[in-house]
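Trainee: So you can see what is in the structure, the chains are spelled out below.
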Amino acid sequence: MTDISENVDTVEITVNGKAIAAKKGEMVIAATDRAGEHIPRFCYHPRMAPVGMCRQCLVEIDTGRGPMLQPSCMVPVAPGMVVDTESETTKRAQEGILELLLANHPLDCPVCDKGGECPLQDQAFSHGPGESRYVEEKRHYEKPIDISPLVKLDRERCILCDRCTRFADEVAGDALIHFVERGNATQVMTYPDEPFSSHFSGNTVQICPVGALTATPYRFKARPWDLEQVDSTCTSCSVGCRISVHSSRDRVLRFQGVDDDDVNWGWLCDRGRFNFESVHADVRVGDPLIRTAPDRLEPTSWSGAMAITADLISAALASAGAESVAVLGGARGTNEDAWAWASLADAIGVERRDAQLDDGLPAGILGMPRATIRDAASAATVVLVAPDLKEEMPILHLRLRHAAVEGNTRIIEFSPTGSGLTKHAWRSIRTPVGATSATVAATLADPEVAAQLASGPVVIVAGRMNLAESADQVMASVQALTAAVPTATVLPALRRGNVVGALMAGLRPKTDDADARSILAAAAQGEIEVLVLVGADPLADLPDADLAHRGLAGAKRVISLDGHLSASSTEFADVVLPAAVMAEKSGTTTNIEGRVSTVTQKVTVHGTARPDWMVAVELASALGHDLGVSSVDDITARLAGAGAVAGSIWQGSVPPGQPVSVGTSAPNGYDMRLVLSRVLYDGAVSTRSSASIAALIGPGGVSMHPLDMEQLGVVAADEVRLSTDRGSIVLGVCPDERLDRGTVWIPIGQNSEDPRLLVGGGAVTDIRIERV
Amino acid sequence: MARFNDANLTTAHEIIARYPRPKSALIPLLHLAQEQNGYVTDEAMRQIAELVGVTPAEVLGTGSFYEMFRFEPTGRYLINICGTMSCALMGARELLHAAERSLGIHAGGTTPDGLFTLHQAECQAACTEAPCLQVNYRYRFKMTPEGVEQLIDDLRAGKLDDEIPPHGTLARVRQHIPSDRAVGAVDPDDVVGPPAWIPVTVEGAGS
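Chains as they are written, first to last, in numbering that gives the first Met the number 0: chain P, 0 to 771; chain U, 0 to 206.
In isolation and in its complexed conformation, chain P is listed as follows (with noise of 0.2 Å):
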């Protein structure tokens, strides 16, 4: 080849005669599929490494030597290759290989949850030889098998493309199903009694090409034909992948992933596509209710309680003015929402506001430069000063994961307990608690690392790392971190769906000190006289359990805009009003990264649920202001204005945070410090009303090091009280190596005593414990 193309990047390759423009270095099937030229697939993901382990893809590849049969999903291009996909010789070829997976698949399609979106059965029509010669009997197994609590599998109709144990592998690396056997007995396999229990284990069954893998939550419930689809974004967390919402007969049935290369690439966690079933679940709010007695809530109309709720407010804001009256939450909601309680509450005048339940970090975190995900993956260097990312943000979990395994990304972690992270982490330090940002300014002078921040971008991935911790020793990290890298840009690991989108929108206190806790402390000495709760249930989430009940006993009055029955409104709530949930809701909502995008409704709100948006609209009318909208397209077009514009990153203008400095906290008299944090099957309300993942909620407990058990006497599953100034429980121990000595971790919202009970809010939590 004398000619070379001037872009090295492009190798141009004839395709059924037509010249086409590949991409250097990619597989046959990708630049045909750019060019709209189908091949046939099993195996073949775009996502994962290519394998020819089901042979369907066969075209002729004529490379110089004349035309060969060869697996298009294995052949990187080549400059001049001829591609020929529609031959008698590929023909036959993939009719070959369609009738060989046919011969032991089971043609139970009528019964099977993916007959009508089945690639086997798709392609069989499309590439197969239309009948099979084969008349022996077919293999046989036993038909499903649960290898998760989520997933089924049927082993009969696997055509072992490789592609659900590739993922395991590859992408969640949790390896836990394999092949095991050999030849004819060849199997996909957990080990016995340890099942596919990984975080990630739904995309599986969305990967498989045939129905060997059904989720539970699915099976039986519709056929595809009679799904309607519309795509929106999950707000699970606030990683905002994007998704496909199915539903049949006004019920969303299932949550699919969409391939979106700047978020999600195709997957999602389990708990995202499996907390759908949360929307029709029974708590959810499906009239307003007022309380009528201190243990009553009695439903009644919009009208009545939206006059009661209005005279609560003017009185209150007449009475002792706009400082008696707080804003709460509003993280659960669209942009759309949240722009229009903070137009309200500007309106009205109030201050006192937080989307945040004390759970995340200053506002100010957004009011430094930011990074995008894809800024992550592909920096030289993220410094992980987050909580374990695997059980809070779990698709960031794998573009790191990738990032550093795949990429040159090196990951530098910082946590008080290790992450999934920690074993692809290229320096994993154990912050102790208290001193975290001692450790990272201790960290910053090693000359490796330092050489490392100084090879190229750097990326500070900031979250709450304990709940028992507070906040600033975060923000002083990242402080320091910055001063140390002014280039490098922050990734805001707040957790909850679109807090980002809230706090840009204007639910943000005015400034630090006026958050979420200092709230309710206010509430608790009796300054607030009406509390409105946008979604948010302070006493399931604020760290400070204690401080949640006393502010929320505290407050004069509660109103609680809410989708599901929460602690908070049964306990408190004077008015409680139902609240329209996502699926059941349009508007946009603002990922970690900044990036607006769509959510869609797709079924009828439950009873006479409302958007949060049209209630605070209404409310303002009832109190004398008109916030100038009356759809939600009209709020999505002043945002717009505003610079959030779905599809493109919101930059906003948040003030950034002041300079933190924290000391180090002397030990108190008691022995051991406490690590609050939260893994992914927790109590939230939507993990918690969806049936098939509450059952994974954990049975919690205290973990802490083999040395410090011994020390104490226990052996794992021994019951130890935990006694701190707060209060005290009593929980189950086990151990766990990667903590330090001296630090226990406790995950929150598990089915055991609640273990914020112990947090009072001070800069760290010291706690006792002692043998039961």
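Just so you know, not all the hints are guaranteed correct.
Facing chain U, according to a computed beta carbon distance under 7 Å, are these residues of chain P, among others [stated by the list, open to error]:
1) Met47
2) Ala174
3) His177
4) Phe178
5) Val179
6) Arg181
7) Thr189
8) Glu193
9) Glu447
Per label pair, the in silico range of CB-to-CB distance [stated by the list, open to error]:
10) Asp112(U) x Asn183(P): 32 to 42 Å
11) Leu169(U) x Val714(P): 29 to 39 Å
12) Pro368(P) x Asp188(U): 33 to 43 Å
13) Ala716(P) x Gly52(U): 55 to 65 Å
14) Ala641(P) x Gly52(U): 42 to 52 Å
15) Glu49(U) x Tyr140(P): 23 to 33 Å
16) Ser722(P) x Ser23(U): 20 to 30 Å
17) Asp112(U) x Asp670(P): 48 to 58 Å
18) Glu66(U) x Ser196(P): 43 to 53 Å
19) Glu162(U) x Gly114(P): 55 to 65 Å
20) Ser377(P) x Arg2(U): 38 to 48 Å
Derived from the structure by calculation, the hints contain no laboratory data. Glycine residues also receive a C-beta, built at the ideal position from the N, C-alpha and C atoms.
Assemble chain U onto chain P, guided by the hints.
Mentor: Showing chain U alone in chain P's frame:
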């Protein structure tokens, strides 16, 4: 018992240290487990997974690919009677029946005393010596039903202990590399220059 005993655990660590990546020791450790217990136990697979840093499913997936790893309790003597064409024509069925009668079990079973496991096997590559069988992969050629009965009696009486060690035994003398002769585990990424197996002759040779 099912996990590695102390001596074998030491050996396991030695084996792992021979490789630049712990995962490479997976198959040698499966052999070690089979040698200890006569078969690879579930607990051993879990332990191997911990030792080499993979999941138990990967250990099972790798091990179950190989016919000679056994995952169910297996007798001290594994008798594989060939049932493929040449042996079948020359009377393999009679051999199997004789063995079944003599042991009181069907092919695929293990005697209650844990001494014998009987299998009908595929071709053992000794067609000229048909019918043949193997005891712990040691051949017996041109067997007769009477010969099978005699073999079983001899095995039971311990007369063949010198020739046929218990199932799973790899070697009676374990390989040991003195530390001064050990090359050590070199990570493939750290190898510079031509591969070690290319003899170094003349400067610049091979270019």
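Trainee: Take a look at whether the Cβ-Cβ distance between Glu49(U) and Tyr140(P) falls inside 23 to 33 Å.
Mentor: 30 Å Cβ-Cβ, so the 23 to 33 Å window holds.
Trainee: Are Glu193(P) and chain U close enough, Cβ to Cβ, to be under 7 Å, as the hint says?
Mentor: Interface hint status for Glu193(P): holds (6 Å vs cutoff 7 Å).
Trainee: Quick one, is the Arg181(P) hint okay against chain U at 7 Å, beta carbons?
Mentor: Arg181(P) check passes; min Cβ-Cβ to chain U is 5 Å, inside 7 Å.
Trainee: Less than 7 Å between beta-carbons is the criterion; does Ala174(P) satisfy it with respect to chain U?
Mentor: It holds, given that the least Cβ distance between Ala174(P) and chain U is near 5 Å, below 7 Å.
Trainee: Measuring from the C-beta of Phe178(P) to each C-beta in chain U, is the shortest one below 7 Å?
Mentor: Phe178(P) check passes; min Cβ-Cβ to chain U is 5 Å, inside 7 Å.
Trainee: Kindly confirm whether 38 to 48 Å is satisfied by the beta carbon distance between Ser377(P) and Arg2(U).
Mentor: About 44 Å separates the Cβ atoms of Ser377(P) and Arg2(U), which means 38 to 48 Å holds.
Trainee: Does the Cβ-Cβ separation between Glu66(U) and Ser196(P) fall within 43 to 53 Å?
Mentor: violated, 31 Å
Trainee: Is it true that the C-beta distance of Ala716(P) to Gly52(U) lies inside 55 to 65 Å, as the hint says?
Mentor: This hint is violated: roughly 26 Å between Cβ atoms.
Trainee: Under 7 Å, Cβ to Cβ, is where Thr189(P) needs to be relative to chain U, so tell me if that hint holds or is violated.
Mentor: holds, 6 Å
Trainee: Could you check the hint for me, namely that Ala641(P) and Gly52(U) are 42 to 52 Å apart, CB to CB?
Mentor: holds, 50 Å
Trainee: Given the range 33 to 43 Å, decide if the beta-carbon distance of Pro368(P) to Asp188(U) lies inside it.
Mentor: holds, 35 Å
Trainee: Under 7 Å, Cβ to Cβ, is where Glu447(P) needs to be relative to chain U, so tell me if that hint holds or is violated.
Mentor: Violated - the Cβ of Glu447(P) stays beyond 7 Å from chain U, reaching only about 18 Å at its closest.
Consistency with the previously given hints fails for numbers 1, 9, 13, 16 and 18, ordered from lowest to highest.
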